[in-house]
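K.L.:
Can you make the complete structure from the sequences, with help from the hints?
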Amino acid sequence: MPVLKYKTFEDAEKNLWNFAADDNYFKMVLSLNSTMFKQTIVRDFPHGVHKYKFLKDAQKEMENWLMKRA
Numbered sequence: 835m836p837v838l839k840y841k842t843f844e845d846a847e848k849n850l851w852n853f854a855a856d857d858n859y860f861k862m863v864l865s866l867n868s869t870m871f872k873q874t875i876v877r878d879f880p881h882g883v884h885k886y887k888f889l890k891d892a893q894k895e896m897e898n899w900l901m902k903r904a
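Residues 835 to 904 (the numbering used here) are what the sequence shown spells out, left to right.
Note that these hints are calculated values from the structure, not bench results.
Glycine residues also receive a C-beta, built at the ideal position from the N, C-alpha and C atoms.
Hints should not be assumed to be uniformly reliable.
Subject to a maximum C-alpha distance of 20 Å in a straight line, what follows is the list of computed DMTMM-like cross-link-like pairs (lysine to aspartate or glutamate) [claimed, not checked]:
id, residue 1, residue 2
1, K887, E897
2, K861, D845
3, K885, E895
Restraint ranges, calculated between C-beta atoms of paired labels, are given here [as the list claims (entries may be wrong)]:
id, residue 1, residue 2, range
4, Y840, M862, 21 to 31 Å
5, A892, T869, 38 to 48 Å
6, K839, F860, 42 to 52 Å
7, N849, Q873, 20 to 30 Å
8, K839, M862, 33 to 43 Å
9, K894, E847, 20 to 30 Å
10, F888, N852, 48 to 58 Å
11, S868, M896, 40 to 50 Å
12, L889, D845, 16 to 26 Å
P.N.:
Here's what the structure looks like:
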């Protein structure tokens, strides 16, 4: 990708628009959106630190949190 220099911010902003979109452009946008969707998955775990006496109790609680999300 070439490095472009601009004299004003408005000139740089004009370069962001793509008026001649083709199939390759839409594939790139779809890929970007799917990547962003995967990275922004909301985790509904309770806040704070949780103490458990046994590892199995912690795993059971984690399964409950995941089942509530599903």
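K.L.:
Checking against the hints above, which ones are violated?
P.N.:
2, 5, 6, 8, 9, 11 and 12
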